[in-house]
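Going line by line, the protein sequences match chains A and B.
For the first sequence, our numbering puts the final residue at 1126, and the numbers step up evenly by one.
For the second sequence, our numbering puts the final residue at 516, and the numbers step up evenly by one.
Heads up, some of the hints might be wrong.
[As the list claims (entries may be wrong)] Now the in silico label distances, taken between C-beta atoms and shown as ranges: (1) A:Thr1073 / B:Arg4: 51 to 59 Å; (2) B:Val125 / A:Arg999: 33 to 41 Å; (3) B:Phe406 / A:Leu1054: 47 to 55 Å.
Simulated from the structure, these hints should not be mistaken for lab results.
All C-beta atoms, glycine included, are put in the ideal place defined by N, C-alpha and C.
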Amino acid sequence: MIPRRGSVRRQVRVARPAAEVWALVGDPARLAEWFPGVTSVTVEGDHRRVATAAGVTFDEDLLTVDPLARRFQYRVTGGLFHEHLGTLDVLDLGDGTCLVVYATDADPATLALVVGGAAGAGIERARCILEGARPVGWGA
Amino acid sequence: MARRKILFVTTDQQRYDTLGCNGGTLARTPVVDGLAAAGIRYERAVPQSVVCMPSRSTMLTGQHPTTHGVWMNGVPLPSDAPSVAAVLRDAGYRTALVGKAHFEPFLDPFLRFPENALARSGTVPVGGPHRGFDHLELATHGPVGPLHYARWLASEHPDAISGFYRVLDAAMQVNAEGGGDTGAPQVGVNPIERGLYHTDWVAERTIAWLDGLAADDDWFCWMSFPDPHHPWDPPQSEVGRVDWREVPLPAGYPEQASERERILDTKPRHWRLWYDGKLVSNYEAPAQWVPATLTPDQVREVNARNAVECELIDEALGRVLARIAERGWADDVDVVFTSDHGELQGDFGLLFKGPYHVDALMRLPLVWRPAPSAGVAPAVVTRPVGLVDLAPTFCAVAGLEPPPFLEGRRLPVHDADATDRGFDRVLTEWDSELFGTDVHVRTLTRDRWVVTTYLPGTCHDGSEGELYDLVEDPLQRVNRFDDPALRSLRDDLVADLRDHLLRPRVPRLEVEAPV
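All chains, full assembly: derive it from the sequences and hints.
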């Protein structure tokens, strides 16, 4: 059977220092710069509202914004999600590059794949922006 | 060969035996039957994948899934993938795709994919053609989503929306809810007026596009019907065409559970695991539905509704052909009719599709009616051909040299032509990785045999296989993969299969959505 809960992980290596990468992807207010199809972002305290080009709105609780660990976690509340946890880590590889890992856990599992797929395209787009490359991929 | 116009007609998930010209008795399909009588009917047309996105990508690119990279549903075809539509357009053809595209995922809340975003701006892609098409008007199986048909229905006939079967359930999985008279999954009672249903919409939008062309335009139109793919919810006014109570059980459906289970147990274990509801390897099969619960009456009702949908398609095609004749093009249009893959439709006690490489899913309707002006004699081709051979055929109809990216060859026009040009074998692939379950299948159709091998995965260790004699065992009930009497033949077929496997695209493309 297809499980109720799904977990999807995407990663990309970025040829820029971890601190620089974190400054972009770790800032909850800068999501629209790199996540495909996001048209507006509003951050108020530990709450974020994200609107997409399809007219869908996600209300999110910001759970972890840790610049030392370079970990960002959030939870989509309501809507079609029974449960959600998004985790983005920027891991310093010690050679002037870093690894960005974006994990999406969700019930229903289908939404983990939908959001996780977009997140994969998002971190690839962030790589292109940070490395000065032409953005590629869907929604670029 | 002179340059001719091309009407490429596809359906979704239609079996070979649903057409009268192929021996079908449930649906009346006089239009396609007439095309077959006047053209070439293929008795062994095989898809390169038995799910939508990889198979449709093969039709467009003329490449196997291994090459174009769409290895399962949810993997978008790269935006720079080759396209036969682009080749034709570059040669001066007007190009359109009306109906179901599905080269990009449907579930797209971020509206990342051009197919999903297009309807907001019209029918002509902003910034130039999309995958070689000047004009796209898109639809899928229901009234929900961002595509043209759904937006039109929401705008012009919002009351019709609620009558459709709800394809996804609250958990965003393909709905297992039963309907109709028998409670069969994905069967619904749809009170929609016939003229508002997507089959007629596809035909009407095709006619509208054709009406906008100049008489001397060369054109390539891909008219792509979303039916008879589930859900089976055709307009209720038409359901009475085929009384399910009078539908005979299909030959592929063993009525006794013990017999079904005995047959399934001779096949690799993912067959029985799905039947018992213990494994789902394809998102498009309702995850909460257990095939072992399928009743004979449900099989009858699904087949009846499928037949109704096939009849509606046939009639819609007839209207388009009539309009083509009114435009004075009848002698100069090639018509190709096929489907992206088949439907189990009760065979072995199963519905829908999955990693099951048997005739239900792999034997397709394929008819090529060359333009009468071409003077091609009617024929029946028994040698195996593939959907990968369509794009080269379109190039040939247009009088173009086949571009080097194509992996198939123009379709043979009779068996001697097929023999002369070595139409001996066809490959079919399956790969799926869905929430921890992976299945990988490679199949060769050659001569009278179908051999299938499995790569290591969740429920296979790589040693499993299937071997069927299509002549002696047309229902593929006797798996002879481990038959000592056929060991030499099996080894030869497996070696042939492995010799012809293509080099996988690197890096492998990501799954970006479930479907």
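For each hint, the structure was consulted:
As the Cβ distance of Thr1073 of chain A to Arg4 of chain B is approximately 57 Å, the hint placing it in 51 to 59 Å holds. The hint said 33 to 41 Å for the Cβ distance between Val125 of chain B and Arg999 of chain A, and at roughly 39 Å that hint holds. Distance hint for Phe406 of chain B and Leu1054 of chain A: a CB-CB separation of about 50 Å, consistent with the stated range 47 to 55 Å.
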